[in-house]
Amino acid sequence: MATAFWSVNVIQHPRCERPSIASRKPSSAFLGSTLKLRFNPPSRSNFGFSETLRKSSPISAISDVFEEKKQKSASSSSSLLITKEEGLEVYEDMVLGRCFEDMCAQMYYRGKMFGFVHLYNGQEAVSTGFIKLLKKEDCVVSTYRDHVHALSKGVPAREVMSELFGKTTGCCRGQGGSMHMFSKEHNVLGGFAFIGEGIPVATGAAFTSKYRKEALNEADCDHVTLAFFGDGTCNNGQFYECLNMAALWKLPIVFVVENNLWAIGMSHLRSTSDPEIWKKGPAFGMPGVHVDGMDVLKVREVAKEAIGRARRGEGPTLVECETYRFRGHSLADPDELRDPTEKAHYAARDPITALKKYMIENNLAKEGEFKAIDKKIDEIVEDSVEFADESPQPSRSQLLENVFADPKGFGIGPDGRYRCEDPKFTEGTAHV
Amino acid sequence: MLSIVRRKVFDGSFTAAALGQSLQRIRPAIAAARSYSSAIKEMTVRDALNSALDEEMSADPKVFLMGEEVGEYQGAYKISKGLLEKYGPERVLDTPITEAGFTGIGVGAAYYGLRPVVEFMTFNFSMQAIDHIINSAAKSNYMSAGQISVPIVFRGPNGAAAGVGAQHSHCYAAWYAACPGLKVLAPYSSEDARGLLKAAIRDPDPVVFLENELLYGESFPVSAEVLDSSFCLPIGKAKIEKEGKDVTITAFSKMVGLALKAAEILAKEGISAEIINLRSIRPLDRATINASVRKTNRLVTVEEGFPQHGVGAEICTSVIEESFGYLDSPVERIAGADVPMPYAANLERSAVPQIEDIVRAAKRACYRAVPMAATA
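The listed protein sequences derive, respectively, from chains D and H.
With UniProt numbering as the guide, the letters of the first sequence map in order to residues 1 to 432.
With UniProt numbering as the guide, the letters of the second sequence map in order to residues 1 to 376.
Okay, chain H solo, but in the shape it has when bound (with noise of 0.2 Å):
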């Protein structure tokens, strides 16, 4: 398991309002340990994911949670503790293994009025189900042109953990995302957390909430703005974690932290790296990604999950698109490696982007570095 990084210094930016702010303020690297800061809590993105579930819960009664271990076992990574007790076994269901039965009832409940939480406990099971989250929930709005709504959220931890294997590690932002009907989310910080799972039990549409495993340890620091229960972010924008002028570096999930490290690294060699937490895969910000790599005439994307046909293809192709003339050098992709993930602890770790990778591909878009030849 990698180690909880707590996160003492935090360089970077945070949204002033709630909503439609596209302008971002950068803070100068606060302390914010936790001895000294008052204003400044931190919050593990667990217990954002348990606030948020349950201040929506309370919120709204059609709001309701269901699942395999979630009620009795307190969810099978802690996310929905204290659920059961305090809403009781009609609104936090344990449900049987049967993920498509129970998916299917899900979206049953969604087109007839409720607005259920599905909670898979990795997103490898959704696959047993992906029949009802594409065909019966993206695309009943359009089928019924407009009369039945969906307004459900699958959620659950997404990609590599550690030392899971192959059948457990795989990440599905790429196979979601390439659905119309479907909104994607993928949070990395607690405040994201919060934020974009309010949205996402809000949101009248099916949405598809990709958390990771290995983040629900981490804390961050939340504002008194986030802990607020009215806080929402919207989905479609993304955060601009740390602006800088000489590349423009995407990442979703686990990568953003990655990224950010990476970041203070290439610092210290005089690259100033922009950070971009896409928080939306579904619909990708494209305006804000093709933005900063105008300002910035590189790009390098980092995602977790395997390269062909994946999220950074897709940035890839939209800066093309939109900015070609801006671009001083090729794109750079950093995903996991092309192959089904490894057990052993070393392989695992060469499957998976490293924050040297992402140094190393900034600097060859820097022409810093010989070009090598693209490691697996």
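The following block holds chain D by itself, in its conformation from the complex (with noise of 0.2 Å):
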């Protein structure tokens, strides 16, 4: 029965080195690698600020400023964490995202998307979270898992669709794919299908920020970074590379980490030494914060801090997002070997119903509109399927377009001439 589970997480746990730990609540769900128990789920999943703060850890000196933030909101415990505003704006980009994702599923088993498609559903508090704290020329890096990143960035509905279906209308012509959203215009800079390569890739992008301030002196260039990964990237060399470079260098970079417990089939506990990935933060000189990535709200106060602290050229900081996909890693993994009843503990804290739950109890906002919201967000998605069923597939000729910036790479044809200079050469009839 469910409630088995619950009253575990009370036992201190023979791995847990934390000192205080009889005074305090035991707080992190990663509590190591109990062989029945796959997850601990946390005590609550009421909306409590002070919940946050009690997963991180005093180990790490720095998440003090964490805990004074704990403090004030304690004492003002009656001040909403949201506006009505903001709460729906954060509603419906949560809701297209599941409904996005929903609709990719669908048109998947229809034969309409192909390849490998990996679903963000369950996971909408993460990307909602922080990236609506973004500006237009922040950069947010992200995975294959990266639908969902996208649009909240702010690419439109359509032309992420039509990317799916290898339309030419999609945002990267129909030349990159699920696993390789682009944007420039939204400063989305990938989509990437090796795990860790992303990380180093956001670095740089955080880098230039700093670069343009320093070197370029372009005085107000403030932009932050976010490089998005999942919990088996932690694991790789590339992660520790560049959480090192980034303190080091104080770069205005946020790594989010959305641990879901799963890479494809392999359980965090089983592959990581220690699975409590916020602490490795302090390890290189950033701070370490673990966060309910269910909680949207939660997920948002953290953000504000870590990108306010990324904006005001204080270095970077880790952030560990506990949370969960609800559908296999891809539409090709049958997901067997996730246990039912950590899927349905982890599906009745889903994101979208707790916010609206939380709005509708505080008065920030009625049903009717919460449903005009669904109906808007439905439309919205079915448009983008309609768009991209009757968009061109890419013609022939493009075959060989933008593989350079400067097509002169492509060399000299057996004229003399450089081949891009042959106007046959981008239809297909030229000699590769």
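One thing to keep in mind: the hints can contain errors.
[Claimed, not checked] Here are the simulated PhoX-like pairs of lysine-lysine, each with C-alpha atoms no more than 20 Å apart in a straight line:
{"no.": "1", "chain 1": "D", "residue 1": "Lys213", "chain 2": "H", "residue 2": "Lys62"}
{"no.": "2", "chain 1": "H", "residue 1": "Lys139", "chain 2": "D", "residue 2": "Lys184"}
{"no.": "3", "chain 1": "D", "residue 1": "Lys213", "chain 2": "H", "residue 2": "Lys86"}
{"no.": "4", "chain 1": "H", "residue 1": "Lys86", "chain 2": "D", "residue 2": "Lys408"}
{"no.": "5", "chain 1": "H", "residue 1": "Lys62", "chain 2": "D", "residue 2": "Lys210"}
[Unchecked claim] Derived contacts from chain H toward chain D, CB cut-off under 7 Å, selection only:
{"no.": "6", "residue": "Gly101"}
{"no.": "7", "residue": "Tyr111"}
{"no.": "8", "residue": "Leu114"}
{"no.": "9", "residue": "Ala178"}
{"no.": "10", "residue": "Pro283"}
{"no.": "11", "residue": "Ala287"}
{"no.": "12", "residue": "Pro342"}
Think of the hints as simulated: they come from the structure by calculation, not from any bench.
Glycine is no exception: its CB is placed at the ideal position from the N, C-alpha and C atoms.
Put the complex together from the two separate chains, hints included.
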């Protein structure tokens, strides 16, 4: 029965090293590798801000910043965490993500979408919580699970859907695909298939912000970069290399770990010696924070602080969001290894229903407004599917386009002129 | 260490104008001894690279250099000497020993608008970062349909040095040249080094710039035009170092020097060899190579790297595809021995092409010697 699991987290786990554990409620859900228990749910699922902070260990000296905030909000617990407008904006963004991904699944099973498709259902709070606080010039770098990051950042649903269908009207003209969403206009710098690959790229974008400020003397350049990646990536060497360099050079970046406990079929606990990822931040000299990633308001609070730090030039932050993906790793994954009870537990913590409940209980909005938003999003997603359906596939001549920014890179043809000067070159008839 | 050769007699041609010239002129042998010439200066490859970096960094503030030991150590091979004092630590970055990380950072900076020059202490270390060179740099312009271009240069010494063992002597020309989206350059002389590095830094695409450690100290004559700060060589054009009519010998990087010496020896025996300095491995200047083979009807390709799937293999196929009817003899392919580089000096000498190998191959191509079994 489900409640049996809830009571267990009160036990002081032998692996736990925190000195004052007896005086605090047990915090983190990831207390090591008991074989029976594959997960440790948190004690409550309400929206109290204090939940977040108990999960930050005293080991991280810098998270005292968060401790201070805790005192403030505990005393003014009657003040709400979000205004009505912000709440509805956040709700709309999460519903867009959810609806879009559900539509992707439908389209995949109908054969309109193909290849590798990785859906984000259940993790919307992380994407919305962070990205909605960014400006247009700030950058987002993601992994293959990037549809919702692109949508939250502002890439139109039509363009993302077309890209998934492989049509020429997609955000990358059908050349990238599900795993490679790029948008220069909205500063979405990818979409990478290799886990860990996006982290150095994000660190480079943050480096550019700092370079612009210091070497190019653009004093108001305070662009922040967010790097999203998963729990499996946190065992990869590039992650540590970048934590080191970001802290060393105080780059304006936030490393956001979407810890959904599973890397395809490999449980986080089976693959990681110390499963508490937030602890790895202080080892490199940056704050490490653990937050409940199923709760968009908590994520938003932490995000505000982390993004603020980066903007002020105080350096990077590592934020571990405990979250969960409701579907399998990809649409080709039968998802047999995960415990149904675990799935049910997280389904009960669906971020969208939770936000809705919070807003209704606090009289911020009425049921009807949510229904209207749901309907609006449904229409947007349907429209994007229609648009994608009707869009043309790329023409054959597009095959050789965009390989280089300077197409002289294709070299000199047999007639002694640069190949790209031959008008037939990109019609697919030229000798490749 | 191979002795540094001072080029007293310059028997070759050099380009009259920087860009777009397809005609090469031959100058008769010029005595370029320093005491006599005032118009023609000599410059080492090291100074050529240093001056090219310096000029490009001062021309465009978005250009910056990063790599191990490029700053305070003045460069592992002193290529970036003086740059830290001149441009400061924001633009000349000493990185920790984390190739994957800092290469990725360079690529990310290029995505977002800067023009990094990433130095690898040797290209062997680039294997730790090859994911970023291929997957995040080379393929990004395509995957993003032209939105994200990556104006980055990856440079460093490539290929065999002297006595550095198997893990420090690998040639990566064929590896990188196989990947679409990259441009791969291999300079030989100081003029090549200056012109191609400037072109690479100004290029909006990722460029892999393969230098050679043993060439850094060699001096070559450079004209006033080469010393001008706007000097640039076109990417994708090979240079005919010496014209000939009996056999075409293609080479790049250090092997060009050996090929030129082999040509002198062959000339004494009545074989006139045409030496092509490839300069650009990707894109390969197939037009020049094929035009030359159609003239001479014989081809010898020379490279230092491993033979299988190497640059010579690609040139051979290109010639067969386009000029098969013009070949009077099978294409001869000279490459490094198909073994990891040995350490012992005598073994190392036999693992890398020598002048005699090139001469022998040219003679075989001209049917002037009994064909031998292919040497390792």
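Residue hint alanine 178 of chain H, partner chain D, criterion CB-CB below 7 Å:
violated, 14 Å
Hinted pair lysine 213 of chain D and lysine 62 of chain H, Cα distance within 20 Å: holds, 12 Å
>> Hint validation: glycine 101 of chain H versus chain D, beta carbon distance must be below 7 Å. Holds or violated?
In response: holds, 3 Å
Report holds or violated for the interface hint on tyrosine 111 of chain H, using the least CB-CB distance to chain D and a cut-off of 7 Å. Holds. Min distance 5 Å.
Checklist entry - Within 20 Å, alpha carbon to alpha carbon, are lysine 86 of chain H and lysine 408 of chain D? => result Distance ~34 Å between lysine 86 of chain H and lysine 408 of chain D Cα, so the pair is violated.
Does alanine 287 of chain H pass the interface check with chain D, least Cβ-Cβ distance below 7 Å?
-> Holds: closest Cβ of chain D sits about 5 Å from alanine 287 of chain H, inside 7 Å.
Check whether the Cα positions of lysine 139 of chain H and lysine 184 of chain D lie no farther apart than 20 Å.
The given pair, whose Cα atoms are some 16 Å apart, holds under the 20 Å limit.
Is the shortest C-beta separation between leucine 114 of chain H and chain D less than 7 Å?
holds, 5 Å
| request: With a cut-off of 20 Å on the C-alpha distance, tell me whether lysine 62 of chain H and lysine 210 of chain D pass. | output: Status holds; Cα separation ~12 Å.
20 Å Cα cutoff - pair lysine 213 of chain D, lysine 86 of chain H | holds, 19 Å
Check: Measuring from the C-beta of proline 342 of chain H to each C-beta in chain D, is the shortest one below 7 Å?
Finding: violated, 31 Å
Hinted contact proline 283 of chain H with chain D - closest CB pair below 7 Å
holds, 3 Å
Checked against the numbered hints above, the structure violates hints 4, 9 and 12; every other hint is satisfied.
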